[in-house]
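Enquirer: Order-wise, the sequence lines are chains A and U. Counting with the working numbering, you get residues 1 to 456 for the letters of the first sequence. Counting with the working numbering, you get residues 1 to 456 for the letters of the second sequence.
In short, the hints are calculated from the structure, not lab data. Hints should not be assumed to be uniformly reliable.
The list treats identical chains as interchangeable, and a pair is accepted whether it falls inside one copy or across any two copies.
[What the hints assert, rightly or not] Derived EDC-like pairs: lysine to aspartate or glutamate, alpha-carbon spacing no greater than 16 Å straight-line: (1) Lys138 with Asp23; (2) Lys213 with Asp23; (3) Lys443 with Glu8; (4) Lys138 with Asp33; (5) Lys213 with Asp426; (6) Lys138 with Asp259; (7) Lys443 with Glu339; (8) Lys213 with Glu76.
There are 2 protein chains.
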Amino acid sequence: MTLDAVLERIDATLPEATARLIDLLRIPSISTDPAHAADCARAADWLAHELSGLGFQASVRPTPGHPMVVGHATGEGRHLLFYGHYDVQPVDPVALWHRDPFDPAIEETPAGLLIRGRGASDDKGQLMTFVEACRAWKAVHGALPGHLTVFLEGEEESGSPSLVPFLRDNAAELRADLALICDTGLFEDRVPAITTMLRGLAGEEVVIRAADKDLHSGHYGGLAANPIRVLAKILASLHDDQGRVTLAGFYDDVAELPDSLRAQWQGLAFDHAKFLGDVGLSLPSGETGRTPIEMVWSRPTCEFNGISGGYAGAGFKTVLPAEARAKVSFRLVSGQDPEKVRAAFRAHVRARLPADCRAEFAEHGSSPASVMAITDPAFEAARAALAEEWGLPAAYVGAGGSIPVAGYFKSVLGMDAMLVGFARDDDQIHSPNEKYDIASFHKGIRSWARILARLC
Amino acid sequence: MTLDAVLERIDATLPEATARLIDLLRIPSISTDPAHAADCARAADWLAHELSGLGFQASVRPTPGHPMVVGHATGEGRHLLFYGHYDVQPVDPVALWHRDPFDPAIEETPAGLLIRGRGASDDKGQLMTFVEACRAWKAVHGALPGHLTVFLEGEEESGSPSLVPFLRDNAAELRADLALICDTGLFEDRVPAITTMLRGLAGEEVVIRAADKDLHSGHYGGLAANPIRVLAKILASLHDDQGRVTLAGFYDDVAELPDSLRAQWQGLAFDHAKFLGDVGLSLPSGETGRTPIEMVWSRPTCEFNGISGGYAGAGFKTVLPAEARAKVSFRLVSGQDPEKVRAAFRAHVRARLPADCRAEFAEHGSSPASVMAITDPAFEAARAALAEEWGLPAAYVGAGGSIPVAGYFKSVLGMDAMLVGFARDDDQIHSPNEKYDIASFHKGIRSWARILARLC
Chain A
1 MTLDAVLERI DATLPEATAR LIDLLRIPSI STDPAHAADC ARAADWLAHE LSGLGFQASV
61 RPTPGHPMVV GHATGEGRHL LFYGHYDVQP VDPVALWHRD PFDPAIEETP AGLLIRGRGA
121 SDDKGQLMTF VEACRAWKAV HGALPGHLTV FLEGEEESGS PSLVPFLRDN AAELRADLAL
181 ICDTGLFEDR VPAITTMLRG LAGEEVVIRA ADKDLHSGHY GGLAANPIRV LAKILASLHD
241 DQGRVTLAGF YDDVAELPDS LRAQWQGLAF DHAKFLGDVG LSLPSGETGR TPIEMVWSRP
301 TCEFNGISGG YAGAGFKTVL PAEARAKVSF RLVSGQDPEK VRAAFRAHVR ARLPADCRAE
361 FAEHGSSPAS VMAITDPAFE AARAALAEEW GLPAAYVGAG GSIPVAGYFK SVLGMDAMLV
421 GFARDDDQIH SPNEKYDIAS FHKGIRSWAR ILARLC
Chain U
1 MTLDAVLERI DATLPEATAR LIDLLRIPSI STDPAHAADC ARAADWLAHE LSGLGFQASV
61 RPTPGHPMVV GHATGEGRHL LFYGHYDVQP VDPVALWHRD PFDPAIEETP AGLLIRGRGA
121 SDDKGQLMTF VEACRAWKAV HGALPGHLTV FLEGEEESGS PSLVPFLRDN AAELRADLAL
181 ICDTGLFEDR VPAITTMLRG LAGEEVVIRA ADKDLHSGHY GGLAANPIRV LAKILASLHD
241 DQGRVTLAGF YDDVAELPDS LRAQWQGLAF DHAKFLGDVG LSLPSGETGR TPIEMVWSRP
301 TCEFNGISGG YAGAGFKTVL PAEARAKVSF RLVSGQDPEK VRAAFRAHVR ARLPADCRAE
361 FAEHGSSPAS VMAITDPAFE AARAALAEEW GLPAAYVGAG GSIPVAGYFK SVLGMDAMLV
421 GFARDDDQIH SPNEKYDIAS FHKGIRSWAR ILARLC
């Protein structure tokens, strides 16, 4: 009855909610780039101001990096903590965007209306589904639905260096009965999903150095060590012919999938041909003998995320570079220790360095994989709420991406997390032309209203 | 007698000659970067103006790329054509320069005075040694020394795309009895040298593409093809464990060094420990079983000059890039056909492309290796002139770098070339902080005066 009024309010005020999201998307809060620190602060201020307007006791909380936003609403019943992140990925290669990534707009497409811009899906659009659900609730009821904490981070896209210290320093304030995290997607773009299995991550940067300056490849070529060649050889040694990672001990702590989960995943009938076809690919290229859904949900990987060295501009330069570098990340599954993987990687590189070459390493974040305990009845309640909104049974799924905060909520605060999100596979997050469907945004807001009605 | 007067004039006017070189060095004539096209034109104009002032009939000659400068002086005797190039290498990484690369200055160092700036050694300083020798000759004699043509190119550092067409179109005008090329160095920084063996070059750029956009490594990692991984594996396959290039047929046309030349080179007592030590290295890293001097003078190579793909900025981005690219060059020796090597490279890459990956190639210049015929008595005359100036017997040496014009003079014009230059190994050509010793400049000018006195 009153939920219906909230849902009607959401429907009636969708244009205003969309306009607010566009305001937030205009702020280029790229957390990995120090040049955008002020923009991150601006996004945090904007959100704290919104939360205050809804009746949250909201504040921007400084960290050694980008600030956190925390808002509290006192109330009866179960204490729920909602998590999202206001920072976004870099936008390069910017030439591939069809519009300014930070001048978002609504586009009409054959697939429906969507909002185009960096962060539209990851994660500003998603976090705003919760904020807007709270706003509609407040408008109808005159109060927020219950005992809520909103906790928004600004370093998710850059390894969350301040997260664990902040959780530790504010554990009593942030520990709730359950965390709600909105940073995941629908299954196959239409089935509502609760993500219960997340891969972890260990990020590394390696620099190979040889000569103390760039050399002329005519004068030194054939005689002097070439860091690009050394790096290519090392990277090529990290997978075997079956696509398995060759680091010592990499699979020691990796368990096979339980038969029950394997059967449930087979029931999901993941259309990998479409998933790959949407990005111009046709064949899974991972480990031999694994299904595509295993490759992304339950198997660890080693990926190369960036490489550079020598002359990369227009034309040609016959240089032997002094250094070459690569950014390498490992997606980890339950049981793998990120620091053990990192140490194995560094040992693997060092063991393959020829004479006169040196390796330097930089750490770019780490998080273990997470597996959610779904025995809390809140999970079934949320499944029912999602099924009502979407007209389909909600699925428990895995996710290839890392959402380290879920693991930290558990390890630091002892708090379980429920991951519900509305992104689609073609949202192009981390890519040019990121978008969020208005349908995701609209039904996402409605979904949170339904979930809050059941959980609060 | 009159030569002495010319040499005295050179000594007395060295400051003015140095100031003119600095003027030329101020023009950022980076030929590979289209943004500097106007600067290349400006350098050509500057040189044509200088030559005209010395009595050459000089003109700037347009090409589809950067212009050529041609100056003629009629006179008796043997027709000599002098070649140099006025374009320079890019300056990145610019942060490693200790001063603006195009704001050159004279520096006083423990090793003597030097001129610091991009192009100081390669090749503006070197080409000006000849121009200044002509100037002093003219001042003393009232006329240039003989039948001379000066031919200056503006695309040497970017693959010389206009050179062969220009030579073909102007063959009658440019064909002389002998070409003099000043773009090489002293041997071991002190022994005057005539370079008689030059490696050739085939430059290639390869782009590996997979998905039609950058992907999130969480969503697609382990499932989708990663172009950096494909590229690294292909690059790693281009050398075997002995450091030999693995392209099919690569060594088919490579002859072993004649015993006589091997003996002469052993006599040169090349100090490779110093050569490598000067750039922070200690060990030759080329083909097993070859001497260091063979590695750079008489053995072909495959080098990686640049690599890029994915996110290379500060911080980290968990992206699977849509593409990765490498610039690859092959130094070639006498007998190797650049186009055959290029075709073998492309076939090698294509044979190793996994499903869903495509390769695209771009050509970045090619030239065969050159071996000079030193039967022309001009060679012994020049050796004698150099020995007089430097107080040491001049050596016939090889060079690892490619000076394609020498090959084109022979193949297009039927003209032999004599390569005499005064660069030092530590000139840092193609690197940050390029320099040319004032001693190289001064004794270089004097060397040309002595050579002209004997040849004209």
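Enquirer: Could you tell me which of the numbered hints above are not met by this structure, giving the numbers in increasing order?
Expert: As far as the earlier hints go, 1, 2, 4, 6, 7 and 8 are violated by this structure, in ascending order.
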